[in-house]
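A.B. asks: Each chain, letter by letter, is given below.
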Amino acid sequence: MDALALFGVFLKASALSLGGLSSLPLLRADLVAPGIATDDQVVQAIAIGRISTGPNGLYIVSLGYLVGGVVGATVALLAASLPPLIIVPITAVARRWLLATGVAGLVRGVALATAGLLVATGLSIVTATGSPSWWQLALAAIGTVATYRGAIHPAIVIAIGAVAGLALGR
Amino acid sequence: MSAREFGEAWALSQLSPGIHLVALAGLIGRRAAGWRGVVAAVAGMMIPAAAITVALTAAYGVVAASPIARAALAGVAPVTGGMTIATAALLVRATARHSRAHVAIDIAVCLGFVVAAVFLGVPTIAAIGAGALIGALALGRERPTSRETSVG
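The listed protein sequences correspond, in order, to chains A and B.
Counting along the first sequence from 1, when you hit position 81 you're at 81 in this note's numbering, and nothing is skipped either side.
To convert a position in the second sequence, counted from 1, into this note's numbering, add 1000.
Chain A on its own, in the form it takes in the complex (with noise of 0.2 Å):
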């Protein structure tokens, strides 16, 4: 895939999602379904998302370097660092309108579609290796449990994950 189409699938990803990882079921249709990143690259990137600084919507910019190296890295980040800046122009000339009862409702309804998308996106990965052992099933509870109440640091969970890998998966 080059860089300008690559570009094109993490902006529309990025313009049409609310918030950190909600561009996820998204840019899984986009590159997952077409076999242009695998499962696996998806986990990587989400892994190091939470581990590294910024914002959790940064792991955009690891699945971009993984599917296209430094060049995809940048597009993913140009993609991810212009369309929530829309709302600085919106602002300017419509403040009003946009903290009106019709543009809440449009976002509380894209928000709750996200979250729905969202749900199955997380199952998928569970189940993506078929039937997950049970105690694949316990560290995605473990997974969902932490990072629903924030009192852990997601490195942690997911260094928990991985130690529990190399103990139970093999």
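Rather than coming from a laboratory, the hints here were simulated on the basis of the structure.
No experiment lies behind these values; they were computed from the predicted model shown.
For each residue, glycine too, the CB sits at the ideal point set by N, CA and C.
Hints should not be assumed to be uniformly reliable.
Stated by the list, open to error - Covered stretches of chain A (chain B as the covering partner; in silico rule of three or more C-beta atoms under 8 Å from a C-beta of chain B):
| # | region |
| --- | --- |
| 1 | 1 to 10 |
| 2 | 13 to 25 |
| 3 | 37 to 48 |
| 4 | 71 to 81 |
| 5 | 103 to 110 |
| 6 | 114 to 123 |
| 7 | 138 to 151 |
Unchecked claim - Ranges of calculated distance between the beta carbons of each label pair, as one might list FRET restraints:
| # | chain 1 | residue 1 | chain 2 | residue 2 | range |
| --- | --- | --- | --- | --- | --- |
| 8 | A | A92 | B | A1108 | 32 to 40 Å |
| 9 | A | D2 | B | R1141 | 42 to 50 Å |
| 10 | B | M1001 | A | V145 | 31 to 39 Å |
What the hints assert, rightly or not - Residues on chain B that point at chain A, a partial pick, calculated with CB under 7 Å:
| # | residue |
| --- | --- |
| 11 | M1001 |
| 12 | A1003 |
| 13 | G1018 |
| 14 | A1023 |
| 15 | G1082 |
| 16 | T1087 |
| 17 | S1099 |
| 18 | C1110 |
| 19 | F1113 |
| 20 | I1134 |
Guided by the hints, dock chain B onto chain A, whose structure is given.
C.D. replies: Same frame as chain A, now just chain B:
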């Protein structure tokens, strides 16, 4: 920038597409130093973090093919799947409305999209479009809880 201005910038950033923190940095940058402030704030936040992310990805790439890394990935994959599901729950918590009836409706809408994606194979982009339409027509009453709790 006053606490009230920051609170409003934060509320507006939650309406932006993509990464909300980028929108917040852009709004703060513009308030501080115009368009050059936008560029400085966003570049300052994103470029170092992206460089570290690329470095970590490249470092992992060195060992990615080894049997040890593959075994570890068998444990990391379900964890990231769980993190993705938790992100969905956090998204619902941030956007769902206050009253009991509204919360029930919002959760039902979300579960409807889970069913649509998992069992009906509805395309991602169609689901997002449907969400926007349903939201604009029917889910606008009562503001998100997040705005009520914002600073100022």
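A.B. asks: Now, for every hint given, state plainly whether the structure supports it.
C.D. replies: Against the structure, the hints come out as follows:
By the rule of at least three residues with a Cβ nearer than 8 Å to a Cβ of chain B, the coverage given for the region 1 to 10 of chain A is violated, with 0 such residues. Here the region 13 to 25 of chain A counts 12 residues with a CB under 8 Å from a CB of chain B, which clears the bar of 3, and the coverage holds. Coverage of a stretch by a chain is defined here by at least three residues with a beta carbon nearer than 8 Å to that chain's beta carbons; for the region 37 to 48 of chain A and chain B the count is 8, and the condition holds. Counting residues of the region 71 to 81 of chain A whose C-beta sits closer than 8 Å to any C-beta of chain B gives 4, which meets the bar of three, so the coverage hint holds.
Here the region 103 to 110 of chain A counts 8 residues with a CB under 8 Å from a CB of chain B, which clears the bar of 3, and the coverage holds. Figure legend: the region 114 to 123 of chain A, annotated as covered by chain B; annotation consistent (10 residues with Cβ-Cβ distances under 8 Å, at least 3 required). Residues of the region 138 to 151 of chain A lying with their CB closer than 8 Å to a CB of chain B number 10, which satisfies the three-residue condition for coverage. For the hinted restraint 32 to 40 Å between A:A92 and B:A1108, the CB-CB distance of approximately 37 Å keeps it satisfied.
Between A:D2 and B:R1141 the C-beta distance comes to about 46 Å, which sits within the given range of 42 to 50 Å. Separation of B:M1001 from A:V145 is about 36 Å and conforms to the stated range, judged on CB atoms against 31 to 39 Å. Below 7 Å, beta-carbon pairs count as interface contacts, and B:M1001 has none with chain A, the closest being about 14 Å; its hint is therefore violated. Hint status for B:A1003 relative to chain A: violated, with the closest Cβ pair at about 18 Å, above 7 Å.
Below 7 Å, beta-carbon pairs count as interface contacts, and B:G1018 has one with chain A at about 4 Å; its hint therefore holds. A hinted interface residue such as B:A1023 counts as satisfied when its beta carbon comes closer than 7 Å to some beta carbon of chain A; here the least separation is about 4 Å, so the hint holds. Hint status for B:G1082: holds, given a least beta-carbon distance of 3 Å to chain A, under 7 Å. Below 7 Å, beta-carbon pairs count as interface contacts, and B:T1087 has one with chain A at about 5 Å; its hint therefore holds.
Of the supplied interface hints, the one on B:S1099 is violated, with its beta-carbon coming no nearer than about 14 Å to a beta-carbon of chain A, more than 7 Å. About 4 Å separates the beta-carbon of B:C1110 from the nearest beta-carbon of chain A, less than 7 Å, and the hint is met. Here the hint on B:F1113 is kept, as its CB sits about 3 Å from the closest CB of chain A, short of 7 Å. Here the hint on B:I1134 is kept, as its CB sits about 5 Å from the closest CB of chain A, short of 7 Å.
Consistency with the previously given hints fails for numbers 1, 11, 12, 17, ordered from lowest to highest.
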